[in-house]
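Engineer: Between the sequences and the hints, there should be enough to build the whole structure, so can you do that?
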Amino acid sequence: AQRVTQPEKLLSVFKGAPVELKCNYSYSGSPELFWYVQYSRQRLQLLLRHISRESIKGFTADLNKGETSFHLKKPFAQEEDSAMYYCALKGGAGTALIFGKGTTLSVSS
Amino acid sequence: KAGVTQTPRYLIKTRGQQVTLSCSPISGHRSVSWYQQTPGQGLQFLFEYFSETQRNKGNFPGRFSGRQFSNSRSEMNVSTLELGDSALYLCASSLVRVADTQYFGPGTRLTVL
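Residue numbers (our numbering), protein chains in the order written: chain A, 27 to 135; chain B, 15 to 127.
One thing to keep in mind: the hints can contain errors.
[To be verified] One side of the interface only, derived from the structure: several residues of chain A facing chain B at Cβ under 8 Å:
(1) E58
(2) R69
(3) L70
(4) Q71
(5) L72
(6) Y112
(7) K116
(8) T121
(9) A122
(10) L123
(11) I124
(12) F125
(13) K127
(14) G128
Simulated from the structure, these hints should not be mistaken for laboratory data. Just so you know, these numbers come straight off a predicted model, no measurement behind them. For glycine and all other residues, C-beta sits at the position ideal for the given N, C-alpha and C.
Structural biologist: As structure tokens, this is what we get:
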């Protein structure tokens, strides 16, 4: 079965500190992985996907198949990064997009 | 282009009633997915429709149902409402696959009293 685990409900950091939002998944095949973000009073939106291997707003995420992880990282947090972050997994053909329970990132000055 | 729209935005119902929620996807998007969002469980997948066919279904009781019309608009229905059905119901559309970028609507806030 597909499963996404985000072990932290809340992550609080200071502005300028590094950020790592953890995501572990359970899937036996080759998954597609995503990070979605929801800023206050805004809609949920795609932040990045692993196949793009791009950096969005300074965030990167690397798929580690050995550790079945897809952690989201940013070297220097900004206050505008404060939001709810969801990790999501898509398994093989015919499977749904499954979300983790989300991690609230709070960046304070 | 216009984003995903959901109607109504807010609903208050009582236990035992039924409710229908509507979702209009972005023009040209053929896949519509529904999610239930609660503080305790986060986003839980309800079902996905593509070309008027249910392509996937999450682990929800049969009281939750949906459909998609030929213009890709979708509705979901919850019958015999329970207090635990109180949640934000989100609709998302994508071009073809759920792995394509999903664009989310603002949600319908359902309160069951």
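Engineer: Taking the hints in turn, state whether each one holds.
Structural biologist: Now the hints, each set against the structure:
Here the hint on E58/A is kept, as its CB sits about 5 Å from the closest CB of chain B, short of 8 Å. The criterion of a C-beta within 8 Å of any C-beta in chain B is met by R69/A, whose closest approach is roughly 5 Å, and the hint holds. A least Cβ separation of about 4 Å between L70/A and chain B falls short of the 8 Å threshold, and the interface hint therefore holds. Here the hint on Q71/A is kept, as its CB sits about 7 Å from the closest CB of chain B, short of 8 Å.
Checking L72/A against chain B by beta carbon gives a least distance of about 5 Å; that is within 8 Å, so the hint holds. Because the smallest distance between the Cβ of Y112/A and any Cβ of chain B comes to about 6 Å, under 8 Å, the interface hint for this residue holds. Hint status for K116/A: holds, given a least beta-carbon distance of 4 Å to chain B, under 8 Å. A least Cβ separation of about 7 Å between T121/A and chain B falls short of the 8 Å threshold, and the interface hint therefore holds.
Taking 8 Å as the C-beta cut-off, the interface hint given for A122/A holds, the closest approach to chain B being about 4 Å. Taken as an interface hint, L123/A checks out: its beta carbon lies about 4 Å from the nearest beta carbon of chain B, inside 8 Å. Given the 8 Å rule on beta carbons, the hint for I124/A holds: about 6 Å separates it from the nearest Cβ of chain B. Annotation: F125/A was flagged as interfacial toward chain B, and the flag holds, the nearest CB pair being 4 Å apart, inside 8 Å.
A least Cβ separation of about 3 Å between K127/A and chain B falls short of the 8 Å threshold, and the interface hint therefore holds. Restraint check, G128/A versus chain B: the minimum CB separation of about 5 Å is within 8 Å; hint holds.
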